[in-house]
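S.K.: Take the sequences, apply the hints, and build the full model.
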Amino acid sequence: MEDILFFLEIMGTVAFAISGAVLGIRKRMDIFGVSILGLTTGVGGGIIRDLIVGNNPPLTFQDPVYLVVSIITSIIVFLPVIRTWIFRETRFYEALMLLFDSIGLGIFTVNGIQTAYQSTNIHGIILLAFVGVITGCGGGVLRDMMAGDRPYIFVKHFYASASLLGALACILLWNRIGYGGAMLLGATSIVVLRLLAARNHWSLPKADLPEE
Amino acid sequence: MEDILFFLEIMGTVAFAISGAVLGIRKRMDIFGVSILGLTTGVGGGIIRDLIVGNNPPLTFQDPVYLVVSIITSIIVFLPVIRTWIFRETRFYEALMLLFDSIGLGIFTVNGIQTAYQSTNIHGIILLAFVGVITGCGGGVLRDMMAGDRPYIFVKHFYASASLLGALACILLWNRIGYGGAMLLGATSIVVLRLLAARNHWSLPKADLPEE
Amino acid sequence: MEDILFFLEIMGTVAFAISGAVLGIRKRMDIFGVSILGLTTGVGGGIIRDLIVGNNPPLTFQDPVYLVVSIITSIIVFLPVIRTWIFRETRFYEALMLLFDSIGLGIFTVNGIQTAYQSTNIHGIILLAFVGVITGCGGGVLRDMMAGDRPYIFVKHFYASASLLGALACILLWNRIGYGGAMLLGATSIVVLRLLAARNHWSLPKADLPEE
Chain A
1 MEDILFFLEI MGTVAFAISG AVLGIRKRMD IFGVSILGLT TGVGGGIIRD LIVGNNPPLT
61 FQDPVYLVVS IITSIIVFLP VIRTWIFRET RFYEALMLLF DSIGLGIFTV NGIQTAYQST
121 NIHGIILLAF VGVITGCGGG VLRDMMAGDR PYIFVKHFYA SASLLGALAC ILLWNRIGYG
181 GAMLLGATSI VVLRLLAARN HWSLPKADLP EE
Chain B
1 MEDILFFLEI MGTVAFAISG AVLGIRKRMD IFGVSILGLT TGVGGGIIRD LIVGNNPPLT
61 FQDPVYLVVS IITSIIVFLP VIRTWIFRET RFYEALMLLF DSIGLGIFTV NGIQTAYQST
121 NIHGIILLAF VGVITGCGGG VLRDMMAGDR PYIFVKHFYA SASLLGALAC ILLWNRIGYG
181 GAMLLGATSI VVLRLLAARN HWSLPKADLP EE
Chain C
1 MEDILFFLEI MGTVAFAISG AVLGIRKRMD IFGVSILGLT TGVGGGIIRD LIVGNNPPLT
61 FQDPVYLVVS IITSIIVFLP VIRTWIFRET RFYEALMLLF DSIGLGIFTV NGIQTAYQST
121 NIHGIILLAF VGVITGCGGG VLRDMMAGDR PYIFVKHFYA SASLLGALAC ILLWNRIGYG
181 GAMLLGATSI VVLRLLAARN HWSLPKADLP EE
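Protein chains in written order, with full-length UniProt numbering: chain A, 1 to 212; chain B, 1 to 212; chain C, 1 to 212.
Do not rely on the hints blindly, as some may be mistaken.
Stated by the list, open to error - Simulated restraints, written as ranges between beta carbons of each label pair:
hint, chain 1, residue 1, chain 2, residue 2, range
1, A, Phe6, B, Arg28, 38 to 46 Å
2, C, Ile72, A, Val81, 48 to 56 Å
3, B, Thr84, A, Ile177, 44 to 52 Å
4, A, Ile177, B, Arg28, 39 to 47 Å
5, B, Pro80, A, Arg91, 32 to 40 Å
6, C, Thr90, B, Gly178, 53 to 61 Å
7, B, Thr84, A, Gly124, 31 to 39 Å
If you are wondering where the hints come from, they were derived from the structure by calculation, not from laboratory data. Quick reminder that beta carbons are idealized off the backbone N, C-alpha and C, glycines included.
M.R.: And the structure:
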């Protein structure tokens, strides 16, 4: 089970690093900027998680594997043959960003819940859910703020909502089916919800304002 | 006295959550985005405060009341009947943002000072004042950065200045009239200074540059 | 040696505070906004460093000298006679920003490494290097994000790259020539690399995209 969780964390890191590197390329950054944006996205959620739960120094700085994986991923994305393939057509790029960002969101949401369970006395459902959502969304919010974009979380339908629903599922199942199953189901439901939302153009009500 | 302080903290949270939710509606976010921006503004200053003074995990994650209050406030602001009333005319909207932002600024500034006194060995006047200002301004700065605006603190006359003056008043009175009175007077003076500054168009000197 | 390091830290703080204050003036902020941006840039890297390595509360809040130096520096930069001289011509302004930003980058990069050595069990080369880079770049990234600019780090050639190379030099020399010499050489090499990169227009490969 530990192995599966480790594998999923690496997968979430790779997914977020790809989303960061792709955005960096789109913003015409050089290879170093692309790597930094990939790195920030890949490990940013985990650093925010550790600052919140009080892991000092953050785990990323104790065990370099996530950091190294983020940078290697970013450099691979930057390779001409890869990036040409990614940017071949806009729809493919959009789909890729959606998929990888969703996977990272799902994995880091349940990872934040697990860390909060292990490292703190935070065991109330509302609070666990929020640590999960912040861990899941943190890397992407940092990515967008550093690249100068309005955070994705406010623009794309059903982003933090999916994270929150999956977090609640994970927490409610935690003591019933074991933490491993709860995390897998929670993360999967986040990815599925995000993809369904994108496919079916789900959206939440927006305010219509008279002026401006 | 504890009851009064708790009431004021809830009031500051509500005030900041309103300012965040109103900005989210103005930026045409959906109900979830509006809630997140309201939540970030409502509890952001307190989280920054706790990261600085070393409360791990931040109190917001230990006691969910501020978090829940922020979200409920944001949802109420989003209700069509409420938001239509808020956005009826621009001047009313401006006045509302000013008032609630000032109340939040005042309350969180003195709250930051109190937390620094209690949780750390930071008792020098300059340092207490800065923890107060950072706690007071932090939620609003996060709000504006996440919404993609230049932080209010740099644009609106007499924002951090009011926070700093009120913080100094609070600290100087702390041992003379007791912390409760010092906090009430400090917070009140911040709100009054901000409103006077807005009414009378006080402003600090700006540099006039030749080029650009 | 402690005296030299303290002198260098003050110099880095002054350099970053100048870069923040100059950007604030350019953005037409008032004297308070200019001071806040100078302060954020001057002490921001150190606060991020302390959050990462777990110094609670951050040293800036325990020893006010850096904070006071940042504010005094910002106010001096704001003085009409000084700012007129700084903004006399654009090339002079550009050169000044480059020089002071480079000095701050160099000093805070090696300072981050030293703090990580002293305060944590982080002694792996990759990790020490990243704490150094984050400490060095953090103040400038905060400055640019608060001023509403795309972070300098992504735009200017050879920014974080210089920080990383200097960090690696510093770490590799640490046990060979002593930490004092390693820090001086590391910081100097960062400044020299940045200035050479600017003079010779070094740049790293960028992706060329078909669309947009």
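S.K.: Range hint 44 to 52 Å: satisfied by the CB atoms of B/Thr84 and A/Ile177?
M.R.: Hint holds: Cβ distance 46 Å, inside 44 to 52 Å.
S.K.: 31 to 39 Å was suggested as the range; check whether the CB atoms of B/Thr84 and A/Gly124 agree with it.
M.R.: 35 Å, holds
S.K.: I want to verify a distance hint. Is the separation of the beta carbons of B/Pro80 and A/Arg91 within 32 to 40 Å?
M.R.: Cβ of B/Pro80 to Cβ of A/Arg91: about 35 Å, so the range 32 to 40 Å holds.
S.K.: So the hint says 38 to 46 Å: do the beta-carbon atoms of A/Phe6 and B/Arg28 match that?
M.R.: Roughly 41 Å apart at Cβ, these two residues keep to the hinted range, so it holds.
S.K.: Is 48 to 56 Å respected by the C-beta to C-beta distance linking C/Ile72 and A/Val81?
M.R.: 54 Å, holds
S.K.: How does the Cβ-Cβ distance of C/Thr90 and B/Gly178 compare with 53 to 61 Å: does it lie in that range?
M.R.: Between C/Thr90 and B/Gly178, where Cβ atoms are some 55 Å apart, the hint holds.
S.K.: Range first: 39 to 47 Å. Now tell me if the beta carbons of A/Ile177 and B/Arg28 are that far apart.
M.R.: 40 Å, holds
Violation of the numbered hints given earlier is absent; every hint is satisfied by the structure.
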